[in-house]
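**Q** Sequence:
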Amino acid sequence: MENKLNQFIQHAIASQPISGTSLISSLYGDALHHRGGEVWLGSLTKLLEPMGFTDRFVRTSVFRLQKEGWLDVEKIGRRSYYRISERGQSRFRRAENKIYLAGQPDWDGKWDLLLLETADKDEKVRLKKELSWLGFGQFNTSLMAAPQLCPK
Numbered sequence: 001m002e003n004k005l006n007q008f009i010q011h012a013i014a015s016q017p018i019s020g021t022s023l024i025s026s027l028y029g030d031a032l033h034h035r036g037g038e039v040w041l042g043s044l045t046k047l048l049e050p051m052g053f054t055d056r057f058v059r060t061s062v063f064r065l066q067k068e069g070w071l072d073v074e075k076i077g078r079r080s081y082y083r084i085s086e087r088g089q090s091r092f093r094r095a096e097n098k099i100y101l102a103g104q105p106d107w108d109g110k111w112d113l114l115l116l117e118t119a120d121k122d123e124k125v126r127l128k129k130e131l132s133w134l135g136f137g138q139f140n141t142s143l144m145a146a147p148q149l150c151p152k
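Numbered per our numbering, the sequence shown spans residues 1 to 152.
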């Protein structure tokens with residue numbers, strides 16, 4: 001049975017490459033979020049190894065997610081346990097609603113516009129990334145826009 005599972009995984013990976021960081025993020029959001037949201041880094045590495053992800057790649061991806069505020073780390077002895085941060089929980093809830101909610105809210109033709117006035121380039125990039133998660137698109141270099149949705 002294990003051999004068939006490995007064959008299936010290898011076929012799926014070969015047919016469409018997987019972003020490791022996106023996979024780890026999805027794993028936390030879809031599976032771990034509802035079960036405490038914490039896992040030992042070694043277990044995560046072992047889980048992703050059959051999919052071709054190296055220990056180093058998993059560590060780098062998890063560190064990146066921690067740096068971006070999605071995960072918190074707790075070290076117990078020599079082991080690192082990563083769990084979804086409060087900020088990450090809020091983001092996962094928004095993403096979950098966006099992905100899994102049936103039907104789209106009505107739209108009355110109005111827009112929400114946000115003008116980004118920060119001079120700091122890194123901050124502007126971070127804000128644009130965060131706003132895109134919320135459904136905003138870039139209208140020009142400093143203006144983000146999203147449809148103003150009507151609750152049902």
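Simulated from the structure, these hints should not be mistaken for lab results.
Note that the coordinates shown come from a computational prediction; the quantities given were computed from them, not determined experimentally.
Even for Gly, the Cβ is constructed at its ideal location relative to N, Cα and C.
Hints are supplied without guarantee of correctness; some may be wrong.
[Claimed, not checked] Label pairs and their calculated CB-CB ranges:
1. S19 / R87: 35 to 41 Å
2. T118 / I9: 27 to 33 Å
3. G69 / T141: 36 to 42 Å
4. P147 / I9: 36 to 42 Å
5. P147 / L5: 39 to 45 Å
6. K124 / F8: 40 to 46 Å
7. G42 / D112: 41 to 47 Å
8. K46 / A146: 39 to 45 Å
9. S19 / E117: 29 to 35 Å
10. S90 / Q16: 38 to 44 Å
[To be verified] Here are the simulated lysine to aspartate or glutamate pairs, EDC-like style, with alpha carbons at most 16 Å apart:
11. K129 / E68
12. K98 / E38
13. K124 / D108
14. K75 / E117
15. K67 / D30
16. K124 / E68
17. K128 / D112
18. K128 / E68
**Q** Now, for every hint given, state plainly whether the structure supports it.
**A** The hints, checked one at a time:
Hint check: S19 to R87, Cβ distance near 21 Å, so the stated range 35 to 41 Å is violated. The hint said 27 to 33 Å for the Cβ distance between T118 and I9, and at roughly 43 Å that hint is violated. Against the hinted window of 36 to 42 Å, the Cβ-Cβ separation of G69 and T141 comes to about 24 Å, which falls outside the hint. Checked against the given bound of 36 to 42 Å, the beta carbons of P147 and I9, roughly 39 Å apart, stay inside it.
Between P147 and L5 the CB atoms are about 42 Å apart, so this pair conforms to the stated range of 39 to 45 Å. K124 and F8 have their C-beta atoms about 43 Å apart, which keeps the hinted 40 to 46 Å range intact. Checking the proposed 41 to 47 Å range against G42 and D112 shows it holds: the Cβ atoms sit about 44 Å from each other. For the pair K46 and A146, the supplied restraint of 39 to 45 Å holds, since their beta-carbon distance comes to about 40 Å.
Distance hint for S19 and E117: a CB-CB separation of about 32 Å, consistent with the stated range 29 to 35 Å. Look at S90 against Q16: about 30 Å separates their beta carbons, and that is not inside 38 to 44 Å. Restraint check: the Cα-Cα separation between K129 and E68 comes to about 11 Å, which is no more than 16 Å; the hinted pair holds. Our distance criterion of 16 Å between C-alpha atoms is broken by K98 and E38, whose separation comes to about 23 Å.
Between the alpha carbons of K124 and D108 the distance comes to roughly 29 Å, so the proposed pair goes past 16 Å and is violated. Under the criterion of a C-alpha separation no larger than 16 Å, the hint pairing K75 with E117 is inconsistent with the structure, at around 39 Å. Using a Cα cut-off of 16 Å, the hinted pair K67 and D30 is violated, with the two alpha carbons roughly 20 Å apart. A C-alpha spacing of about 14 Å is found between K124 and E68, which places the hinted pair at or below 16 Å, so the restraint holds.
Of the supplied pair hints, the one linking K128 and D112 holds, its CA atoms being roughly 14 Å apart against a limit of 16 Å. For the hint linking K128 to E68, the alpha-carbon distance of about 14 Å falls within 16 Å, and the restraint holds.
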